[in-house]
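Colleague: Okay, here's what each chain looks like letter by letter:
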Amino acid sequence: MQRRVTFRLILFALAALTIPALLAACGAAADDNPQTTFDPAGPAAREIDSIYRLIWWLAVAVFVLVEAALIFAIFRFRKNKNLINGRPAPVHGNTRLEIIWTIIPAIILVIIAVPTVQGIATLAERDDDAFQVTVYGNQFYFEFEYPDIIGADGQPLRVVDEMHIPADTRIQLKLISNDVIHSFWVPRLAGKMDLIPGRENHMWFQADEPGTYLGQCAEFCGEAHALMRLTVVADTQEDFDDWVAQQRQPPPDDPVVAGQQIMETICATCHLVEGTAAQGTIGPELTTFATQPDIAGVVENNEENLHAWLADPPAVKPGTAMPNLGLSEQQIEALIAYLYTLDGSGGQ
Amino acid sequence: MATQVTTAGRITTTDQFAYPKGIWSWISTVDHKRIGTLYLVTSMFFFLVGGIEALLIRIQLTEPESTFISASTYNQLFTMHGTTMIFLVVMPLSAAFFNLLVPLMIGARDVAFPRLNAFSYWVYLFGAILINLGWFHGAAPDAGWFAYANLTSQEYSAGQNVDYWVMGVQVLGLSSLASAFNFIVTIINMRAPGMGMMRLPVFVWMTLVTAVLIVMAFPSLTVGVTLLLFDRWFDTLFFVPEANGQPLLWQHLFWIFGHPEVYILILPAFGIVSEIIPVFSKKPIFGYTAVVFAGIAIGILGFSVWAHHMFTVGLGPVPTAVFAISTMLIALPTGVKIFNWIGTVWGGDLTFTTPMLMALGMVSMFIIGGLSGVMHASPPVDSHQQDSYFVVAHFHYVLFGGSLFSLFGGIYYWWPKFFGRLLNDGLGKVHFALMFIGFNLTFFPMHWVGVQGMPRRIYTYAEGLNWDFWNMAMTVGAFIIALSILVFLINAFLSFRDEPNAPDDPWDGATLEWATSSPPKPYNFEKVPVVTSNIPLWVEKYPEVYGHEPDFRETSPDPEDQPDVEHGIHEHHDDHIHMPNPTIWPLIVSIGITLGFAGFLYGWIITFIGVAVMFLGIYGWVLSPAFGEPDHV
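As you go down the protein sequences, you meet chains U and H in turn.
Taking our numbering, I'd label the letters of the first sequence as residues 1 to 348.
Taking our numbering, I'd label the letters of the second sequence as residues 1001 to 1633.
Check the hints yourself; a few may be wrong.
Unchecked claim - To list a few chain H residues with every Cβ distance to chain U over 10 Å, as calculated:
| no. | residue |
| --- | --- |
| 1 | W1024 |
| 2 | P1219 |
| 3 | S1220 |
| 4 | I1490 |
| 5 | E1499 |
| 6 | I1618 |
What the hints assert, rightly or not - Listed next, the in silico BS3-like pairs over lysine-lysine satisfying Cα-Cα at most 27 Å (straight line):
| no. | chain 1 | residue 1 | chain 2 | residue 2 |
| --- | --- | --- | --- | --- |
| 7 | H | K1541 | U | K79 |
| 8 | H | K1429 | U | K81 |
| 9 | H | K1541 | H | K1527 |
| 10 | H | K1021 | H | K1527 |
| 11 | H | K1521 | H | K1021 |
| 12 | H | K1429 | U | K79 |
| 13 | H | K1521 | H | K1541 |
| 14 | U | K81 | H | K1541 |
No lab work stands behind these hints: they were computed from the structure.
For each residue, glycine too, the CB sits at the ideal point set by N, CA and C.
Generate the whole structure from the sequences, applying the supplied hints.
Modeller: Below, the structure is given as structure tokens:
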């Protein structure tokens, strides 16, 4: 009786395990799961998905057969009546069986290995005629540079957090890190590729349809790693051209407005300013920054110290969680102007 | 002559070898069984620590945008959870079984170097304390158990967090290496007469393979950590990209250690399962030779696959393809093991004791971990799964579903040899059932959120990604696991209520440890056994079933396999039993070494004191005799 209960428990547990495994095969639409790998939106992601599905079904088959053999053996031999001197027959092995259960898995592995190697080659292709974007990894934000689009300042156009691309166009990314290792991952478009300081990596993808695709940094890169998110917006050619035209507008003359834009993109990962899009919670709240007596608790709050702080926080306070963001002189000036409007009154 | 194991009667007169009592006798012990017990108790303590860290992680992730703990605390928790479970729980818990069982299973009186064995334990204990001291300074390691350069550089990790990790790992590596050398020498040289290599219990074989892996893999970690130490303390530039240092060099050094480490964690579990399943199936292991050689093959292949942890760093298509195929190959010997376990159950007469349930549960879950492993052996697929929760699911199926279930099975199975008591089988089954359900509820949904795009090592996640429900389920599962561990602790506590009364051979075992008393006497065997089979006790107990063994088992003991009776601990003529003297010098040396490393964190004066203590200890160690007169131990 005891034995039966135990056995049923095992059976139940294994069945409970199999059901979600099979459910997982049903896939999931991106409407509910915006960061899913199961709803590929372009050829690179589809290549991965096709290999995944092959391995998945083979794995399900192996899983069912092997677990069934295990469960059957447990069930069938829970009470053995064919005993000799009270013991089951002392079978020591079977060479033919050993060979069979080595060869069959080997054949399955060959079936997996062939498309795998093809997939590696396809995904590693370089296409310098594709639409080029350079991705820079920073603690804790992605920055995108369009080498073929000249921005208002005469330099290649650069944007933060949100990358716009033309849909139905092959995109080639050059991946560079400005500080530590990050990883670029937009699951519906492609697998991930690391951004490594001192190296240049490449990857390609394509969004077949216009749409918004979510992703985030996939390599642990420090305190705010969890918040290092990004969005890829695939536009129709028309919308993309409009976006480019808008981005090429000179930055607002008013440094306070420009400063708020920086606050709401780069700084927003970690900091909170009430009434704005900056809603981060890792760093200190900055809503009343202008009235604070000091910066990071170590230096007096004045313009000179704030400049030094924004240019290189760890140089002012070794060990601070705030990384060197690699801000330009222009960005620093704008941020200073903006930060000194923050007296808690909520508006300027 | 059916009785082929000579175990003789117990000593019933005044036992000159009885264990001394008191805390001092534990501090100065060099007895492999007592050291095994120390390993068991210490690693279970750190299992609770690592488990509490896991629960805090799960509470934080229960719902999106949770503010239960801060990002900084979370990063320390996941770093220390991984480091603790690998270095302070699974490895030393395996070492507890190596220590207890290897001499018993090969018919020896102790390990080859009993004092080095004590040294291994003390270094482990102090290293474990050192690496956890950061918690008391609010600076526990926070760069992941993998500590990827260049996040660990002075520039990006200015606090002492990473230093605790560096110093702790250096100290712990010494423990593993000393222990590994000891077991290699013990297994090669200390076997009882007739205990040929192909008569070793599978557990001893897996111990040997594990020890060789440790000896070959840990130096790579030591080198990597030493370079990191130099980068952090002496301004070298090994991993600093601005000076053309290579962050990827760290990844290679780390994973050349780190992947064999995976097999260091799982092979002892394979060994345990290979002991438990035959006994409760009442059949010898199916395909002994295949199981042994599959273990060796896994060990060798384990060194050719490290770069599969680096499929997303841009290795280029050719190395990526090579490492993909070498990784897939490991599925073959692993599959052989699983099939042979099923083959052992097949045709058996099963008894569902707690150890057997743990072992069968392990096989059923290791299949899942193995199959998901084949998935990310394919680099295109891995480019999604790498660093996602899918991988977290995978390695918990291997390390928890595989290693920990087996180790718990081993704890229930060998508890009588540790403590002379039996754990309650009913409570054990409750433990198993809760842990099995809790485990699958916690870790199976991780596959799902992983393919839905949830990365690892994130302290929070946004709403609207559809990860909420399963994260809630995982947290519930984690608390069910915690409940199961509570049941185990109660079981362990209750077992100490009564006098030690476990039978010597409660499970009808096949291997030599069951020929000793429960718990074994300090000298293990009154007379060194002569072995003619790899299931010696069954041959003794059931001569009509196993008495006419085919092949090698019938051959007479090979003189080549005889232990060296002139030099070893053995006295082949059993008039005198020479046991090593208790000593505290290994403890002194390990205190010195730990202080030496701790000085990096607490001031150089500590380092100088540590080095002085270490040398004092070494001289004391060398100058005190290992073996005294047999009549005052």
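Colleague: Run every hint past the structure and note whether it holds.
Modeller: So, going through the hints one by one against the coordinates:
{"no.": "1", "hint": "W1024", "in the structure": "holds (44 Å)"}
{"no.": "2", "hint": "P1219", "in the structure": "holds (25 Å)"}
{"no.": "3", "hint": "S1220", "in the structure": "holds (20 Å)"}
{"no.": "4", "hint": "I1490", "in the structure": "holds (20 Å)"}
{"no.": "5", "hint": "E1499", "in the structure": "holds (27 Å)"}
{"no.": "6", "hint": "I1618", "in the structure": "holds (38 Å)"}
{"no.": "7", "hint": "K1541(H) / K79(U)", "in the structure": "holds (21 Å)"}
{"no.": "8", "hint": "K1429(H) / K81(U)", "in the structure": "holds (25 Å)"}
{"no.": "9", "hint": "K1541(H) / K1527(H)", "in the structure": "holds (19 Å)"}
{"no.": "10", "hint": "K1021(H) / K1527(H)", "in the structure": "holds (25 Å)"}
{"no.": "11", "hint": "K1521(H) / K1021(H)", "in the structure": "holds (14 Å)"}
{"no.": "12", "hint": "K1429(H) / K79(U)", "in the structure": "holds (19 Å)"}
{"no.": "13", "hint": "K1521(H) / K1541(H)", "in the structure": "holds (22 Å)"}
{"no.": "14", "hint": "K81(U) / K1541(H)", "in the structure": "holds (21 Å)"}
Comparing the model with each numbered hint stated earlier shows that all of them hold.
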